[in-house]
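Colleague: Same order as they appear, the protein sequences are chains A and B. According to numbering that gives the first Met the number 0, the first sequence is numbered sequentially starting from 0. According to numbering that gives the first Met the number 0, the second sequence is numbered sequentially starting from 0.
Honestly, the hints are just simulated from the structure, not real lab data. The beta carbon of each residue, even a glycine, is placed where N, CA and C say it ideally should be. Hints are not guaranteed to be accurate.
[What the hints assert, rightly or not] When the alpha-carbon atoms are kept at most 25 Å apart in a straight line, the in silico SDA-like pairs for lysine to any residue are as follows:
(1) B/Lys309 with B/Leu257
(2) B/Lys164 with A/Asn105
(3) B/Lys247 with A/Ser61
(4) A/Lys65 with B/Lys255
(5) A/Lys65 with B/Asp32
(6) B/Lys325 with B/Asp243
(7) B/Lys247 with A/Pro153
(8) A/Lys65 with B/Ala312
(9) B/Lys8 with A/Phe144
(10) A/Lys65 with B/Leu245
(11) A/Lys65 with A/Asp45
(12) B/Lys338 with B/Lys325
(13) B/Lys536 with B/Trp477
(14) B/Lys164 with B/Glu267
(15) A/Lys46 with A/Val141
(16) B/Lys247 with A/Ala63
(17) B/Lys96 with B/Glu137
(18) A/Lys65 with B/Leu257
(19) B/Lys8 with A/Asp45
(20) A/Lys65 with B/Lys96
(21) B/Lys299 with B/Trp477
(22) B/Lys8 with A/Lys46
(23) B/Lys247 with B/Glu223
(24) A/Lys65 with B/Lys164
(25) A/Lys65 with B/Lys8
(26) B/Lys299 with B/Val280
(27) B/Lys247 with A/Lys46
(28) B/Lys309 with B/Lys96
(29) B/Lys309 with B/Arg360
(30) B/Lys164 with A/Ala63
(31) B/Lys164 with A/Ser61
(32) A/Lys65 with B/Ala268
(33) A/Lys65 with B/Lys247
(34) B/Lys255 with A/Asp20
[Said to hold, decoys possible] Cβ pair distances, simulated, as ranges:
(35) A/Asp20 with B/Leu245: 32 to 42 Å
(36) B/Gly72 with A/Ser33: 53 to 63 Å
(37) A/Lys46 with B/Arg289: 29 to 39 Å
(38) B/Ser256 with A/Ser84: 31 to 41 Å
(39) A/Ala19 with B/Arg289: 29 to 39 Å
(40) A/Gly106 with B/Lys325: 53 to 63 Å
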Amino acid sequence: MPRQLLRDGRVVADDWTYFADAGNADTSEASAASGLILTFDQWLVDKPRWLAAAGRLGVVLSPAHKVEQLAPDLARFQLVGAEFSGPSEGRGYTQGRLLRERYGWNGELRATGYVRRDQLFFLARCGFNSFELPDSELEHAVSAFSTFSAEYQPSNDAGLAHKLRHRR
Amino acid sequence: MYRYDVMDKTLVNERVAQFRDQTRRFLNGELNDDEFRHLRLRNGLYIQRHAPMLRVAIPYGLLSSVQLRTLGGIARRYDRGYGHFTTRQNIQYNWPKLAEVPDILAELASVEMHAIQTSGNCIRNTTSDHLAGVTPNELEDPRPWCEIIRQWSTFHPEFTYLPRKFKIAVTGAPQDRAASLVHDVGVHIVRGPDGELGFEILAGGGLGRTPIIGQVVREFLPREHLLSYLEAVLRVYNLEGRRDNLTKARIKILVKSLGIEEFRRRVEAEWESIRGGALRVDEAEVARIRGFFGPPAYRKLADTDPAAGKDAAFRAWYRYNTVEHKVPGYRAVYVSLKKPDVAPGDATDAQMELIADLSDRYSFGEVRVTHTQNLLLADVEQDKAFELWQALVGAGLATPNIGTLTDMICCPGLDFCSLANAGSIDVAKLINDRFDDYDYLYDLGELDVKMSGCMNACGHHHVGNIGILGVDKGGEEWYQITIGGAAGADASLGSVIGPSVAKVDVPETIARLLAVYVEQRRVDERFIDTVRRLGVKPFKERVYAAPVAA
């Protein structure tokens, strides 16, 4: 059964597969069928192969990766993710904003790793629109987007169901 | 002072609801200890030695009488009848019950207060000069800028999970009464090349295990760029600050390891990308916020000398516990929370309520918290000072020691804090017992003693003229003494005089340091200046020349 995740405010079945989970299957076929997510290191190691491969491709940045390193290749991807290694990891919030605001990323922006309902409001404001949550969190998570109904900062709200008021 | 609008109110109420739900999930077992820790810390709640500790934000130290009265009521109903004012102008409650914290927060919200971001790895309460708006030589009142920073930093989506805590202080006068040089970022209002007001931005100051004085990142920043520049600093820090080692995670370590030039280059490069964006501070918005901090309805008065003909006790209090005000006929009055037999910075419920009442009667219903852990009534008519003094004396709030040796900064220490190695409150008491002669204290003049119960330096010991640091030595409480630190515009870090001393020997050690000062000082020379002139050597020699008599 495919993983459930939260995307654009709704619980949906994940239509992507991680390369690491794809086993020995022909990766180009897997990619064509469901979309294949690479780590940034996997991408870097075999860039020519992936550039030549057919099908949808996603890439996940680890916290230490620089968005500007990925920026020239963004056009090859249909999904970009940022990984949160634990409850105190915060670099992904900046990665998200840079992707949206500086590098014009319009596709799916996914939060992976340690993602819980209490982070969703902030993640969404940094531009994330899909969230890999534990199953136990999924049903509660939708309401987390409306934890706060106002905001002090101008920011990217691609993931929020409604447009929030900006003060200045 | 700033008053909440519908949006501020809504946000704070929603935070209460959010935290109530998080607490419920923790008590139900849906969140484990570690998960809840990350959430509660962003709401000022620590689990301490005896009980949770709740830190409530007092933005830039400014309170209305209604708010202070509420803080007193909370101390009585949810705590043990007192609260502790901190060096970052906040208040801490040491004995709340976890299950009752959401109710406390709801009560705070009803008077426009909260505990948002008073702990955790996020942007903390922005602090400022407690004499803002009333001190004569100020370039501009810094509090509107503090409020603008408060709003920008509250629930900032990008900077809620920083490598470590982040503290900003803003000053608008040449004297630095906010310890801004030992903050992660210091913002100084300064004049630019054409005489216009803007900001000098410093970064990388801090105390703790590795004390460092902040360095200038930008000498002059036009005012409309304040938030975009802070955002650039924070963004560089969020991405580049170390997350592998808690003790190396503050921005001071990043600035130190990159060097100020490289740090500046990265910040400026980031800022170039965002400076034209939505964070530009609109002059109309600044004017709107500034409107909240306008001068109160001062009466037209002339300066008088209320001490003339009064008894010596009042004269001493007036001299030490009140300071010059920019408006003729007024004085700013310190309410000393440094009574010898009370933990520095503590106030009881009844004292808080009394001070609230006195502020209504004598100071336009506002009270300020100083970073030296006293309270201040900023706008008192000189002719009312005597009445006010009488009321304060009766409540144990008129100890005439502001700026003297016994006006110590002190952390809660081993008595309350789970991080501490050693007690600090009991050492403060020993020092008070030894130095109880006011003639001697006054003769010593301006003297900052600062004390911390551990490396984390909540008591700012590194920047005390005399600093006292509690250390654990084979399970016993010992104290390392530094001299030559200062927290103002001429900030410096103290030097260790030698091996640490036993708790009972701390007062004698200080007495020997002071003896050298009294012998060697020049006319009108402060302790700090004598130390700077002579160096540590003569002080060190005197302290360790003979063992302290038992």
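Colleague: Each hint needs a verdict: does it hold in this structure or not?
Modeller: Against the structure, the hints come out as follows:
no.: 1; hint: B/Lys309 with B/Leu257; in the structure: 59 Å, violated
no.: 2; hint: B/Lys164 with A/Asn105; in the structure: 32 Å, violated
no.: 3; hint: B/Lys247 with A/Ser61; in the structure: 21 Å, holds
no.: 4; hint: A/Lys65 with B/Lys255; in the structure: 22 Å, holds
no.: 5; hint: A/Lys65 with B/Asp32; in the structure: 32 Å, violated
no.: 6; hint: B/Lys325 with B/Asp243; in the structure: 49 Å, violated
no.: 7; hint: B/Lys247 with A/Pro153; in the structure: 31 Å, violated
no.: 8; hint: A/Lys65 with B/Ala312; in the structure: 65 Å, violated
no.: 9; hint: B/Lys8 with A/Phe144; in the structure: 19 Å, holds
no.: 10; hint: A/Lys65 with B/Leu245; in the structure: 22 Å, holds
no.: 11; hint: A/Lys65 with A/Asp45; in the structure: 18 Å, holds
no.: 12; hint: B/Lys338 with B/Lys325; in the structure: 29 Å, violated
no.: 13; hint: B/Lys536 with B/Trp477; in the structure: 22 Å, holds
no.: 14; hint: B/Lys164 with B/Glu267; in the structure: 22 Å, holds
no.: 15; hint: A/Lys46 with A/Val141; in the structure: 37 Å, violated
no.: 16; hint: B/Lys247 with A/Ala63; in the structure: 17 Å, holds
no.: 17; hint: B/Lys96 with B/Glu137; in the structure: 43 Å, violated
no.: 18; hint: A/Lys65 with B/Leu257; in the structure: 18 Å, holds
no.: 19; hint: B/Lys8 with A/Asp45; in the structure: 53 Å, violated
no.: 20; hint: A/Lys65 with B/Lys96; in the structure: 44 Å, violated
no.: 21; hint: B/Lys299 with B/Trp477; in the structure: 55 Å, violated
no.: 22; hint: B/Lys8 with A/Lys46; in the structure: 51 Å, violated
no.: 23; hint: B/Lys247 with B/Glu223; in the structure: 33 Å, violated
no.: 24; hint: A/Lys65 with B/Lys164; in the structure: 23 Å, holds
no.: 25; hint: A/Lys65 with B/Lys8; in the structure: 38 Å, violated
no.: 26; hint: B/Lys299 with B/Val280; in the structure: 35 Å, violated
no.: 27; hint: B/Lys247 with A/Lys46; in the structure: 36 Å, violated
no.: 28; hint: B/Lys309 with B/Lys96; in the structure: 48 Å, violated
no.: 29; hint: B/Lys309 with B/Arg360; in the structure: 22 Å, holds
no.: 30; hint: B/Lys164 with A/Ala63; in the structure: 20 Å, holds
no.: 31; hint: B/Lys164 with A/Ser61; in the structure: 23 Å, holds
no.: 32; hint: A/Lys65 with B/Ala268; in the structure: 15 Å, holds
no.: 33; hint: A/Lys65 with B/Lys247; in the structure: 21 Å, holds
no.: 34; hint: B/Lys255 with A/Asp20; in the structure: 42 Å, violated
no.: 35; hint: A/Asp20 with B/Leu245: 32 to 42 Å; in the structure: 34 Å, holds
no.: 36; hint: B/Gly72 with A/Ser33: 53 to 63 Å; in the structure: 60 Å, holds
no.: 37; hint: A/Lys46 with B/Arg289: 29 to 39 Å; in the structure: 54 Å, violated
no.: 38; hint: B/Ser256 with A/Ser84: 31 to 41 Å; in the structure: 22 Å, violated
no.: 39; hint: A/Ala19 with B/Arg289: 29 to 39 Å; in the structure: 56 Å, violated
no.: 40; hint: A/Gly106 with B/Lys325: 53 to 63 Å; in the structure: 58 Å, holds
Comparing the model with each numbered hint stated earlier shows that hints 1, 2, 5, 6, 7, 8, 12, 15, 17, 19, 20, 21, 22, 23, 25, 26, 27, 28, 34, 37, 38, 39 do not hold.
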